[in-house]
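Undergrad: Take a look at the letters that make up each chain.
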Amino acid sequence: MTTGKTTGKTTGKTTPETTDPTPLLEVSGLAVDFRSAGAPVRAVRGIDFFLQPGESMAILGESGSGKSVTGKALLGLLPAPAARVRGSIRFQGREVVGRADRELRDLRGPGIGLVFQDALDSLNPVFSVGSQLAEIFRVRLGWSRAAARAEAVRLLDQVGIPSPESRVDDYPDQFSGGMRQRVCIAMAIALKPKLLVADEPTTALDVTVQAGILSLLNRLRAETGMALLFVTHDLNVARLVADRVTVMYAGRIVEHGPIEQVYAQPAHPYTKALLASHPAAATHWSQLRPIGGNPPDKAGVPPGCAFHPRCPIAQDRCAAEIPDLREVAAGRRSACHFALEVTDAAARA
Amino acid sequence: MPPHERDEAPGDPLLRVENLVKHFRSGRGREPVRAVDGVSFTLEKGTTLAIVGESGSGKSTLARAVLRLVEPDGGTVYYRDENLLTMPAKRLRQARRGLQMIFQDPYSSLHPLRTTGEIIAEPWQVHRGLVPARAQRARVAELLEQVGLPRAYAGLYPSRLSGGERQRIAIARALALRPDILVLDEPVSALDVSIQAQVITLLMRLQRDFGLTYVFISHDLSLVRLVADRVGVLHRGTFVEEGPTEQVYDHPEHEYTQALLAASPALAAT
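In order, the protein sequence lines correspond to chains U and W.
If you read the first sequence in the numbering used here, its first letter stands for residue 1, the second for the next number, and so on.
If you read the second sequence in the numbering used here, its first letter stands for residue 1001, the second for the next number, and so on.
By construction, these hints were calculated from the structure, which means they are not laboratory data.
Each hint should be verified, as a subset may be incorrect.
Example chain U residues on the side facing chain W (calculated, C-beta under 10 Å, incomplete) [stated by the list, open to error]:
#	residue
1	L240
2	D243
3	G300
A short, non-exhaustive set of chain W residues, derived as facing chain U with CB atoms under 8 Å [to be verified]:
#	residue
4	V1021
5	H1023
6	S1055
7	G1155
8	L1156
9	S1159
10	I1195
11	Q1198
12	L1206
13	H1219
14	S1222
15	L1226
16	L1260
Cβ pair distances, simulated, as ranges [claimed, not checked]:
#	chain 1	residue 1	chain 2	residue 2	range
17	U	P309	W	A1135	31 to 39 Å
18	U	D169	W	T1086	32 to 40 Å
19	W	T1086	U	P79	54 to 62 Å
20	W	A1259	U	P309	51 to 59 Å
21	W	R1160	U	G87	28 to 36 Å
22	W	Y1107	U	P309	17 to 25 Å
23	U	Q92	W	H1254	45 to 53 Å
24	W	T1086	U	P302	55 to 63 Å
25	U	G300	W	V1033	40 to 48 Å
26	W	D1081	U	D344	53 to 61 Å
27	W	N1019	U	T283	30 to 38 Å
28	W	S1055	U	P79	47 to 55 Å
29	W	R1151	U	Q92	55 to 63 Å
30	W	Y1107	U	A345	33 to 41 Å
Glycine included, each C-beta is placed from N, C-alpha and C at the ideal position.
Generate the whole structure from the sequences, applying the supplied hints.
TA: Pasting the structure below:
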């Protein structure tokens, strides 16, 4: 792999703290329903995963897969009664689900930071970026105006904004898209979170700008030791920042494992089909292997395995029985009744 | 006779763009925005020219200026040896039948209150006589089939369709006029990953079957490599590099092209 040349993904942090008995984040049986005019929309339908301190994991999925809803649920950002969250999210051993907004203040910021896709919507246009950053330290930590401003300048410098002393008084619309996303990252890491959740942070950006943001995230992880949960639809971007990948489809996890292994030898037909339909897998359009059909819309998820109507190896059983997410190799899980056949085929290929 | 049924050997220049310029005024006393600043290229029949560039590079404005959907400030666009830019309005309307455009967002490019059958047949209201009224229903069914949709879809409204299906309808509508050039402005970037390959293979099969000529506007370098015969790299309104796809990818000459290729995650990862 030659990814190092563009983003400098750091090495040596791929081994999670296996000696640590308590993961940084432990999600089990998480389910999220949204109220709607008809039947509730089941956006997330029972998922389990964990994250060790300092680790980086990508949640990969298409629209409607539940990946962004999962990210928001971690911070308790899905308001009742519109959303109904069930299951358990334990961050540093403490339960997030069911806690009141007020009780989540020490989680958001010092515990988990969040970066969204659209940086412009995340910033207030009528305040300078410096005052928005400084406000965090004044309100949350009670710092003086001068100390807060100095820390704002330091943060802007840390996220790679040139001449931060003069840019600190500029307003969001005076920054380019990439620089604005850097400001958002600065705000997200201001209180030194243990986990940064980044939801499609580079999707709205040009490729040259994207490369800069990805290498910034990798550098910040190396500098601060924070963990990263990177939510994306982009197979290749995921690979540049993540050690492990969790693939979601129609609100469930279909595959999970170390990202290089999953890409080299997928254990679920959906992952396999996604990789084969990607331009990077071909040199001519005639080599593309499109996935037929459409992703299910949230209102109507097919019974059994949600992927079965589009799956090339589906059997009767797949329409009747939801496959469990089972271990197929060390550190690798797949939710396919025929996972071993899929991996064997990949191994032979 | 529909344009693409005329005799024309593959490889003949179908479109010749010379020194095309489009500037936007940006307020009193300010420099105009040079969105397209002297672009030239020729398009051979049955081939694909990709125009790649980042946001703000001028690629969408270039596409619209070629079709005179925005009025260019200078240059010439020869389509079958006639200059589109000096054509009177009535003649331009006729000529545009041969030059159709597909937009990025299939959610906003289809009328929500018309059935897909009405949407596909709508261009025949403008270009009367192309398809007689009694033949329209059968022709709509044929077009739906060509874009891989069941005939029954003619009665559905766009809100019932997925993004990929909507883009297929937009393609069928463009084909309804039997064009010979399609300008595709980011035709799959709004679609889900698993759907993009479906629409790309459809477009390329249609090109092969009907001898269509494509201008393919995209920011996705890994995709462009699979579909384009030639690539033009647009930066600040001008081509910094233009040439056969393989040559541009394997031996990029301009440093901007080199930076773009180096930054592309899909290409970096292979």
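Undergrad: Now look at each hint and say whether the structure bears it out.
TA: Verification of the supplied hints:
At about 6 Å, the closest approach between the beta carbon of L240 of chain U and any beta carbon in chain W falls short of 10 Å, and the interface hint on this residue holds. Of the supplied interface hints, the one on D243 of chain U is violated, with its beta-carbon coming no nearer than about 15 Å to a beta-carbon of chain W, more than 10 Å. The criterion of a C-beta within 10 Å of any C-beta in chain W is not met by G300 of chain U, whose closest approach is roughly 12 Å, and the hint is violated. The interface hint given for V1021 of chain W is broken, as the beta carbon of that residue sits about 24 Å from the closest beta carbon of chain U, more than 8 Å.
Hint status for H1023 of chain W: violated, given a least beta-carbon distance of 22 Å to chain U, over 8 Å. The interface hint given for S1055 of chain W is met, as the beta carbon of that residue sits about 6 Å from the closest beta carbon of chain U, less than 8 Å. Taking 8 Å as the C-beta contact cut-off toward chain U, the hint placing G1155 of chain W at the interface is violated, the least distance being around 19 Å. Checking L1156 of chain W against chain U: minimum C-beta separation of about 14 Å lies over 8 Å; hint violated.
Among the interface hints, the one on S1159 of chain W is violated; its C-beta lies about 12 Å from the nearest C-beta in chain U, farther than the 8 Å criterion. For I1195 of chain W, the interface hint holds, the least distance from its beta-carbon to any beta-carbon of chain U being 7 Å, beneath 8 Å. Given the 8 Å rule on beta carbons, the hint for Q1198 of chain W holds: about 4 Å separates it from the nearest Cβ of chain U. A least Cβ separation of about 12 Å between L1206 of chain W and chain U goes past the 8 Å threshold, and the interface hint is therefore violated.
For H1219 of chain W, the interface hint holds, the least distance from its beta-carbon to any beta-carbon of chain U being 7 Å, beneath 8 Å. For S1222 of chain W, the suggested interface contact is upheld, since its CB lies about 4 Å from the closest CB of chain U, less than 8 Å. Taking 8 Å as the C-beta cut-off, the interface hint given for L1226 of chain W holds, the closest approach to chain U being about 4 Å. At about 6 Å, the closest approach between the beta carbon of L1260 of chain W and any beta carbon in chain U falls short of 8 Å, and the interface hint on this residue holds.
P309 of chain U and A1135 of chain W have their C-beta atoms about 35 Å apart, which keeps the hinted 31 to 39 Å range intact. Between D169 of chain U and T1086 of chain W, the C-beta spacing of about 51 Å breaks the proposed range 32 to 40 Å. Checked against the hint of 54 to 62 Å, the C-beta distance between T1086 of chain W and P79 of chain U comes to roughly 60 Å, which is consistent with it. Distance hint for A1259 of chain W and P309 of chain U: a CB-CB separation of about 42 Å, inconsistent with the stated range 51 to 59 Å.
For R1160 of chain W paired with G87 of chain U, a C-beta distance near 33 Å keeps the hint of 28 to 36 Å intact. As the Cβ distance of Y1107 of chain W to P309 of chain U is approximately 23 Å, the hint placing it in 17 to 25 Å holds. With their beta carbons about 50 Å apart, Q92 of chain U and H1254 of chain W fall inside the hinted range of 45 to 53 Å. At roughly 57 Å, the beta carbons of T1086 of chain W and P302 of chain U sit within the given window of 55 to 63 Å.
Restraint check, G300 of chain U to V1033 of chain W: a C-beta distance of roughly 46 Å satisfies the suggested window 40 to 48 Å. Between D1081 of chain W and D344 of chain U the beta carbons are some 60 Å apart, a value that agrees with the proposed interval 53 to 61 Å. For N1019 of chain W and T283 of chain U, the hinted distance range of 30 to 38 Å is satisfied, since their beta carbons lie about 34 Å from each other. The hinted range of 47 to 55 Å is not satisfied by S1055 of chain W and P79 of chain U, whose Cβ atoms lie roughly 33 Å apart.
Between R1151 of chain W and Q92 of chain U, the C-beta spacing of about 58 Å keeps the proposed range 55 to 63 Å intact. For Y1107 of chain W paired with A345 of chain U, a C-beta distance near 37 Å keeps the hint of 33 to 41 Å intact.
Checked against the numbered hints given earlier, this structure breaks hints 2, 3, 4, 5, 7, 8, 9, 12, 18, 20 and 28; the rest are met.
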